[in-house]
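Visitor: Chains A and B supply the protein sequences, listed in that same order. So the first sequence is residues 813 to 963, counted in our numbering. So the second sequence is residues 2 to 103, counted in our numbering.
If you're looking for bench data, these hints aren't it; they were derived computationally from the structure. Hints are not guaranteed to be accurate.
[Said to hold, decoys possible] Below, a sample of chain B positions facing chain A; criterion: calculated Cβ distance under 10 Å: (1) Y41; (2) S59; (3) G60; (4) N82; (5) R86.
[What the hints assert, rightly or not] Stretches of chain A that chain B covers, calculated by requiring three or more beta carbons in the stretch to come under 8 Å of a beta carbon on chain B: (6) 833-847; (7) 863-876.
As the structure is a prediction and not an experimental result, all values here were calculated from the model. The C-beta atom is built at its ideal place from N, Cα and C for all residues, glycine as well.
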Amino acid sequence: MKKYECINEMDLSFISKSNNESFARATISAFVSQLDPTIDELTDIKTSVSEAVTNCIAHAYNEQIGIIYINAKIFSNGKISIKIRDKGVGIDDVDQAMEPLFTTGGSDRSGLGFAVMKSFMDRVKVKSYVGKGTTVLMEKSIIRRSNKNEK
Amino acid sequence: MGVSILSNSKEGLKISISGDIDHHSSSDMRIKIDSFIEKYHPKIVILDFSSVSFMDTSGIGLILGRFKLTERMGIKLEVVNARNRVKRIIEFSGIKSLGILK
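Taking the hints into account, I'd like the entire structure generated from these sequences.
Guide: In structure tokens form, the structure reads like this:
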């Protein structure tokens, strides 16, 4: 497999306050915008980031204050990879957590967060250690549009 | 940003929801919507989504929770005017089968 060069990278960390959910979406949006994504592609990424950050706030840190780390990379082939990491409680059974409709949250949680990430992104990988934290890696290729102004 | 009453008549209670629906905003929205429903106990509750700019699965939870509440109270629930990108996640969730999305 050909390895593509990373052409841009960002790191972001913020505390797990729920009003930072919109901050995380806006920041990722601004970073990804340099690839000139369609509004649909951008919405897919924003929604997936929102789901992952919400998981950190509502589940990993369970409304306590901890730090959420986001790393995003853009590759020369138009692929974006986003890593969202917490040092929270961890997930005991990742496969179960990723099942649609499974939730440990209350009746107003849909249990569809991971299902949305898997559907809206090209690839989602979850690594979790109980008591240590969780890392969600998501990737999506932004389709290059012709006729767009380069630089 | 938030929840407000658009109209309230015998026909029903129409509530506008605006801004982003996420885990942060949805808890306040839920409290407001439920207080309106409980106060007016209408025959139909119409949630107008035309001003919703973004929504993640917290919005699905918000709709599902209101569906359960209204069903228990014998009230009909409708979700109207969702923009295409908001509609997409609603359709993805499968709650379309409840017949509330107009």
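Visitor: Now look at each hint and say whether the structure bears it out.
Guide: We went through each hint and held it up to the structure:
| no. | hint | verdict |
| --- | --- | --- |
| 1 | Y41 | 21 Å, violated |
| 2 | S59 | 7 Å, holds |
| 3 | G60 | 9 Å, holds |
| 4 | N82 | 18 Å, violated |
| 5 | R86 | 5 Å, holds |
| 6 | 833-847 | holds (count 3) |
| 7 | 863-876 | holds (count 4) |
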